[in-house]
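Protein chains: 2
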Amino acid sequence: MISSPSVEPPDQPAAPLRLPQELVASTAFLLGRLGYACKGRAVEEFEVLGFSPYHYSVLALLSEGERETQATIADALGVDRSQLVGLLDSLEERGMIERRRDPHDRRRHVVSLTAAGKKQLAKFRSLIKRLDEDIVAPLDPESRETLHELLLRIASHHDPRFAAASVGSG
Amino acid sequence: MISSPSVEPPDQPAAPLRLPQELVASTAFLLGRLGYACKGRAVEEFEVLGFSPYHYSVLALLSEGERETQATIADALGVDRSQLVGLLDSLEERGMIERRRDPHDRRRHVVSLTAAGKKQLAKFRSLIKRLDEDIVAPLDPESRETLHELLLRIASHHDPRFAAASVGSG
DNA sequence: TATTGTTATACTCTATAACTATA
DNA sequence: TATAGTTATAGAGTATAACAATA
Numbered sequence: 002m003i004s005s006p007s008v009e010p011p012d013q014p015a016a017p018l019r020l021p022q023e024l025v026a027s028t029a030f031l032l033g034r035l036g037y038a039c040k041g042r043a044v045e046e047f048e049v050l051g052f053s054p055y056h057y058s059v060l061a062l063l064s065e066g067e068r069e070t071q072a073t074i075a076d077a078l079g080v081d082r083s084q085l086v087g088l089l090d091s092l093e094e095r096g097m098i099e100r101r102r103d104p105h106d107r108r109r110h111v112v113s114l115t116a117a118g119k120k121q122l123a124k125f126r127s128l129i130k131r132l133d134e135d136i137v138a139p140l141d142p143e144s145r146e147t148l149h150e151l152l153l154r155i156a157s158h159h160d161p162r163f164a165a166a167s168v169g170s171g
Numbered sequence: 002m003i004s005s006p007s008v009e010p011p012d013q014p015a016a017p018l019r020l021p022q023e024l025v026a027s028t029a030f031l032l033g034r035l036g037y038a039c040k041g042r043a044v045e046e047f048e049v050l051g052f053s054p055y056h057y058s059v060l061a062l063l064s065e066g067e068r069e070t071q072a073t074i075a076d077a078l079g080v081d082r083s084q085l086v087g088l089l090d091s092l093e094e095r096g097m098i099e100r101r102r103d104p105h106d107r108r109r110h111v112v113s114l115t116a117a118g119k120k121q122l123a124k125f126r127s128l129i130k131r132l133d134e135d136i137v138a139p140l141d142p143e144s145r146e147t148l149h150e151l152l153l154r155i156a157s158h159h160d161p162r163f164a165a166a167s168v169g170s171g
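So the sequence lines, in the order shown, correspond to chains X and S. Take 2 as the starting number for the first sequence in my numbering and just add one per residue. Take 2 as the starting number for the second sequence in my numbering and just add one per residue.
Please note that the accuracy of each hint is not assured.
Pairs involving identical chains hold if they fit within one copy or between any two copies, as the list cannot separate such chains.
Said to hold, decoys possible - List time: in silico DMTMM-like cross-link candidates among lysine to aspartate or glutamate, alpha-carbon distance up to 20 Å:
| hint | residue 1 | residue 2 |
| --- | --- | --- |
| 1 | 124 | 23 |
| 2 | 119 | 141 |
| 3 | 130 | 23 |
| 4 | 40 | 90 |
| 5 | 120 | 23 |
| 6 | 40 | 81 |
| 7 | 119 | 135 |
| 8 | 40 | 160 |
| 9 | 119 | 23 |
| 10 | 40 | 23 |
Please keep in mind that the hints were generated in silico from the structure rather than gathered at the bench.
With these hints in hand, go ahead and build the complete structure from the sequences.
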């Protein structure tokens, strides 16, 4: 028996493998689906290297300067403090970050990037570059720019952490 | 004691609650974060009505015509067939969809929308409309259009289910 | 033997809350 | 008593696989 789904004459031209028009018409739906796919792709690719996208986020953050406490890292990245512990553990085990107890407040850990961490970060950056290019592949350079700008505007509107480093407004 | 994080003079102008520049510069990262936030918002809002976004997806799909099998619904929406069972169960219990055994192949269920389902779908549509508008709030109408078009181009490039109903190419 | 729908199981992710050591 | 970091626990969500009915 043939497994073709349309043995009988197609009365209605309904394409079985098409999403409902009204879902595709929703920006929220598109963002949700695309975002999920992006995250999945990223997780897969980082997994190959034995890491997760969160590891990259931590290293990227630390590359902009060491942090006085773990809590500021967690808050900046929007992850739970307890979740960050495991991330830092694995990065520290591999010698990519360093935890130093703050002598003035021995509860705190000053976290900083090591040379090995910077090296790994470079690899992560080329991974992300490939991923970004793959995702926006069907767009020309100008459209890519436009898309990014629009996404950033929306993101920073809903979450101030996305706000671009404003010059001289502090 | 004041909980302000900056008691000491700020040597470095590092803003603790800002995401790393290079992450914000990544379209994949923006998409991932925004998508996650969108999904979360949607789940919350549907939850108030006692539903999930998946319920809406199913009703929206069925509003375009009944389906000969549950599998085509699952495949079109990209959910697992076993996951769909529970969704259809809850919708059927509330009288919003109907399962009829196909007399020609008693393994199959023909699934269709009821009057109550159509009514609920209308409520879902106004919910989604509000959600969409809230998300793209900072954009003017033209930018919203542009954003949607760019997202749709990317989505359909990676997943043919997003492809707009092409006229006369069947 | 293959397929449709269903149920059961396991696993990941995350959110919460308890715990320690310092203050 | 409150805070920084840590550990443990529980819950939701999802993916996998086993199962019964039918072809």
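Consistency of the hints with the structure:
{"no.": "1", "hint": "124 to 23", "in the structure": "between (40 Å within a copy, 14 Å between copies)"}
{"no.": "2", "hint": "119 to 141", "in the structure": "neither (32 Å within a copy, 41 Å between copies)"}
{"no.": "3", "hint": "130 to 23", "in the structure": "between (33 Å within a copy, 10 Å between copies)"}
{"no.": "4", "hint": "40 to 90", "in the structure": "neither (23 Å within a copy, 30 Å between copies)"}
{"no.": "5", "hint": "120 to 23", "in the structure": "between (46 Å within a copy, 16 Å between copies)"}
{"no.": "6", "hint": "40 to 81", "in the structure": "both (18 Å within a copy, 19 Å between copies)"}
{"no.": "7", "hint": "119 to 135", "in the structure": "neither (24 Å within a copy, 39 Å between copies)"}
{"no.": "8", "hint": "40 to 160", "in the structure": "both (19 Å within a copy, 15 Å between copies)"}
{"no.": "9", "hint": "119 to 23", "in the structure": "between (46 Å within a copy, 14 Å between copies)"}
{"no.": "10", "hint": "40 to 23", "in the structure": "between (24 Å within a copy, 16 Å between copies)"}
Going through the hint list in order, the structure does not satisfy hints 2, 4, 7.
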